[in-house]
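As a plain string of letters, each chain reads:
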Amino acid sequence: MRRVDTNIWLQRSLPWVLPFGLLLGWYLISSREIIPTYLLPHPGQVLVSGFDYILGDPQKGIYTGRFPGDFSASIGRVLLGFALATAIGLPLGLLSGRLEKVQLLLGSTLNALRAVPGICWLPLALIWFGIGLKTTVFLVALAAFFPIFLNAEAGARQINPTLTQAGTMLGMNRWRRVYRVLIPAAMPHIVTGLRLGMGISWAYLVLGELTGVPNGLGAVIMDARMLGRNDIIIVGIILIALIGRLCDTGLHLLLRLCFKSARRLT
Amino acid sequence: MSRNHLQIIYSRQDTSPEPVILEVKRLTKSFTSADSEQTIALKDLSFSIRQKEMVCLLGRSGCGKSTLLKLLAGFIKPSAGEILLNGEPLHHPGPACCMVFQEDALFPWLTVKENIAFGLANKPMTRRQKLQEVDRFIDLIGLNGFGSYLPREVSGGMKQRVALARVLILQPRILLMDEPFAALDAQTREQMQSLLQDLRRQFAPTVLFVTHDVTEALLLGDRVLLFDKNPGRISHDIKVGLPQTRSVDNEAFLRLRTHINQQLKEE
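Protein sequence lines, in the order shown, are assigned to chains A and B. In our numbering, each residue carries its 1-based index in the first sequence increased by 1091. In our numbering, each residue carries its 1-based index in the second sequence increased by 5.
It should be emphasised that the hints constitute simulated quantities derived from the structure, not laboratory data. Note that the coordinates shown come from a computational prediction; the quantities given were computed from them, not determined experimentally. Incorrect hints may appear among the rest.
[Unchecked claim] Distance windows between CB atoms, simulated: (1) A:Lys1192 to B:Gly152: 51 to 57 Å; (2) B:Asp109 to A:Ile1145: 48 to 54 Å; (3) B:Leu136 to A:Gly1341: 33 to 39 Å; (4) A:Leu1197 to B:Thr220: 35 to 41 Å; (5) A:Asn1251 to B:Gly150: 40 to 46 Å; (6) B:Arg157 to A:Gly1221: 28 to 34 Å.
[What the hints assert, rightly or not] Straight-line Cα separation of at most 30 Å, DSS-like style, residue types lysine-lysine; simulated pairs: (7) A:Lys1351 to B:Lys30; (8) B:Lys164 to B:Lys48; (9) B:Lys75 to A:Lys1192; (10) A:Lys1351 to B:Lys135.
A virtual CB, placed ideally from N, CA and C, is assigned to each residue, including glycine.
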């Protein structure tokens, strides 16, 4: 009991050590110009550009005040792709985990496809869907599908058979068992899969947006590279990291809010 | 034939016999292992249980007791033979034959209350009636104040109380119990045994209780079926005939126990 206090302190402070350490290192390197600013801009400059990008008046510069538009474009693509991946991957994964025939049917094909890096699909996606929303959503959905599918499958397969037997015995038919036993029992795995899927969604969003769409956080990064504005590139990276983190937390909270099993088992 | 080998030592005052509720006829179950070798778990098993009777199935581990219970619950299908419940063949698992598992069969994401209420979802009752019924059972099993705890937050004995309540609430025609107290410590087991006896007095369910503990079988059962291994079959069908309230140091009880122990050794 007497170690609790120090533990809480440690728990709260430890996550911040690395970001602040990196920031400090960066500050020192830039201030002493160990690395020239055209390669690595000064953190102060990045801060100013960041404020300008997020809060500035859109009329006054190329990147000024573009954030709200870029953000809504990007998050729309991520959510659309993620929703698509969930809608297909979750039921398919649960089915494959419970029914051997489905597993035999899908298993080897999906594992072969999984071995293909997502970036390989980019040229084909460009031919099929052109530059823009559809290509990005396709890439995001494709990438997020696998962790969602695989984890749902593992969760469904590892259910304690006694629980399904108990469900049947207590009068639940097949369909009700899905909602009252299968999904709750597989919930910890499902949550893991969805969180991994959400993380990878952001990675593939940037990939999709690098191809020349006019707006979006990935587009801004690519655009800034061409104009030599590496401060804006770093602003973009930091924003994507922050938003990705928030999305993960938000998703977890939402699942915990909606499902008893997510609240009590994760 | 060694059936009815043991003479009834103390016979209870015979009331008119209850009708037969469960009848097992020449039940056989064999399994095929991965290297396609046949194992016969149960062979030509026949017995019947009367309504309100409590029958204890006694045998060493691996003799097919659990297989028999799974067959009766409908979780697996027999290779040959019949199971008749009230004269009708048993098809699907369902609330008619409910099982209390050895351990870890509560839904871990549901509270004690929600676990007990689980099977009521299908019943034509109002929400309020269901809540009242659940509260009544929580009271019966002595878990007042624990209704909103999760299974992982209560003890092993409490979990088994909940497991018992969630099936009793459905008024099953037969209650199947698969060594339900085997994983508990001695003291808790005794408490659970007396709880089960209390509940029997109130609900008079028909019970088939699997155990490997001779004392437990004699303490609880009206009849004890001795199970023989390889292949699984019933070697003795013993009517216990002791008074309802039994004590382990009673002479008749001890004599019966010694006898059964001898039978088990001979096998």
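Outcome of the hint check:
For Lys1192 of chain A paired with Gly152 of chain B, a C-beta distance near 42 Å fails the hint of 51 to 57 Å. A beta carbon spacing of about 52 Å between Asp109 of chain B and Ile1145 of chain A agrees with the range 48 to 54 Å that was offered as a hint. A hinted range of 33 to 39 Å for the beta carbons of Leu136 of chain B and Gly1341 of chain A is consistent with their spacing of about 34 Å. In this structure the hint that Leu1197 of chain A and Thr220 of chain B lie 35 to 41 Å apart at CB is violated, the actual value being about 53 Å.
Separated by about 28 Å at the C-beta atoms, Asn1251 of chain A and Gly150 of chain B break the suggested range of 40 to 46 Å. Checked against the given bound of 28 to 34 Å, the beta carbons of Arg157 of chain B and Gly1221 of chain A, roughly 53 Å apart, lie outside it. Between Lys1351 of chain A and Lys30 of chain B the alpha-carbon distance is near 45 Å, which puts this suggested pair outside the 30 Å criterion. Only pairs whose Cα atoms come within 30 Å are accepted, and Lys164 of chain B paired with Lys48 of chain B is rejected, the gap being roughly 34 Å.
Under the criterion of a C-alpha separation no larger than 30 Å, the hint pairing Lys75 of chain B with Lys1192 of chain A is consistent with the structure, at around 25 Å. With a CA separation close to 20 Å, the supplied pair Lys1351 of chain A and Lys135 of chain B stays within the 30 Å bound.
Of the numbered hints given earlier, the model fails hints 1, 4, 5, 6, 7, 8; all others are met.
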